[in-house]
Amino acid sequence: MWDEEQIEQYLKANLKPKRYQHSLGVRDTAGKLANRYGADEKKARLAGLIHDCAKCMSDSDLISIANENGINIDEVLEETPNLLHGVVACVIAKDKMGINDTDILSAVAYHTTGRPNMTILEKIIYLADYIEPMRDFPGVDDIRQEAEKSLDKALLHSFNSTIRHVLNKGQLLHLNTIKGRNYLISQYK
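One point on numbering: in the working numbering, the residue at position 161 of the sequence shown is 162, and numbering is uninterrupted.
Keep in mind that the hints were calculated from the coordinates and are not lab data.
Where is the CB? At the ideal position from N, CA and C, for every residue including glycine.
Take the hints with a grain of salt, since some may be wrong.
Said to hold, decoys possible - In silico DSSO-like cross-links for lysine-lysine, where the CA-CA straight-line distance does not exceed 27 angstroms:
id : residue 1 : residue 2
1  : K43       : K17
2  : K95       : K150
3  : K150      : K97
4  : K150      : K170
5  : K17       : K44
6  : K150      : K33
7  : K44       : K95
8  : K190      : K180
9  : K13       : K150
10 : K190      : K170
11 : K180      : K17
What the hints assert, rightly or not - Distance windows between CB atoms, simulated:
id : residue 1 : residue 2 : range
12 : N68       : V141      : 31 to 39 angstroms
13 : D137      : L168      : 30 to 38 angstroms
14 : E79       : G39       : 32 to 40 angstroms
15 : K97       : Q22       : 17 to 25 angstroms
16 : S65       : H166      : 21 to 29 angstroms
17 : Q7        : K170      : 23 to 31 angstroms
18 : R37       : E79       : 32 to 40 angstroms
19 : D143      : D96       : 36 to 44 angstroms
20 : S59       : L173      : 34 to 42 angstroms
21 : K170      : P117      : 31 to 39 angstroms
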């Protein structure tokens, strides 16, 4: 398995500088959230670092790698191939970086859409991606503050914000995001 320095070199070579800095921010934010909520900090930091390793790939490359690896491309992914960057990142993590930890790979895979009944590591990476220090959009500070108190409530607020953003852009919503949100709401009833 690659060490952190090798992964950083890969990211520097394959991501734009701003996306590389974002990845470092997600790594650090994930580590802090893992400490706060009792998750494995090493896994959180590694998943945060690699989560966007496929982000700068073209849509055609994402689709090609997904097809070559038997990844199901539903109608939303077909319309919005960039959402595939999480699952394609898992392929890169396994095949190039030698990362085989299923917890890490699952957190990377679901960082773009979420899903129902997320593991604590999946929640941490989804949320760390959303609130890392470089993020600047209306409501992010409120979600950051909520993340200090409740991982699930912050996750729910981030789902709500994502759904509003996607609706405002007139894009398709991925069912995992809707199901993830509904699952959290059902847990609070």
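Cross-check of the supplied hints:
1. K43 <-> K17: holds (25 angstroms)
2. K95 <-> K150: violated (34 angstroms)
3. K150 <-> K97: violated (37 angstroms)
4. K150 <-> K170: Violated - the C-alpha atoms of K170 and K150 are around 30 angstroms apart, more than 27 angstroms.
5. K17 <-> K44: holds (24 angstroms)
6. K150 <-> K33: holds (13 angstroms)
7. K44 <-> K95: Holds, because 15 angstroms separates the two Cα atoms, which is no more than 27 angstroms.
8. K190 <-> K180: holds (16 angstroms)
9. K13 <-> K150: violated (34 angstroms)
10. K190 <-> K170: Given pair K190, K170 is violated - Cα atoms ~31 angstroms apart, limit 27 angstroms.
11. K180 <-> K17: violated (32 angstroms)
12. N68 <-> V141: 31 to 39 angstroms: For N68 and V141 the Cβ distance comes to about 35 angstroms; the hint holds.
13. D137 <-> L168: 30 to 38 angstroms: violated (21 angstroms)
14. E79 <-> G39: 32 to 40 angstroms: holds (38 angstroms)
15. K97 <-> Q22: 17 to 25 angstroms: holds (21 angstroms)
16. S65 <-> H166: 21 to 29 angstroms: At 28 angstroms between Cβs, range holds.
17. Q7 <-> K170: 23 to 31 angstroms: violated (36 angstroms)
18. R37 <-> E79: 32 to 40 angstroms: holds (38 angstroms)
19. D143 <-> D96: 36 to 44 angstroms: holds (39 angstroms)
20. S59 <-> L173: 34 to 42 angstroms: Once the Cβ atoms are compared, 20 angstroms apart, the range 34 to 42 angstroms for L173 and S59 is violated.
21. K170 <-> P117: 31 to 39 angstroms: Violated, at about 24 angstroms.
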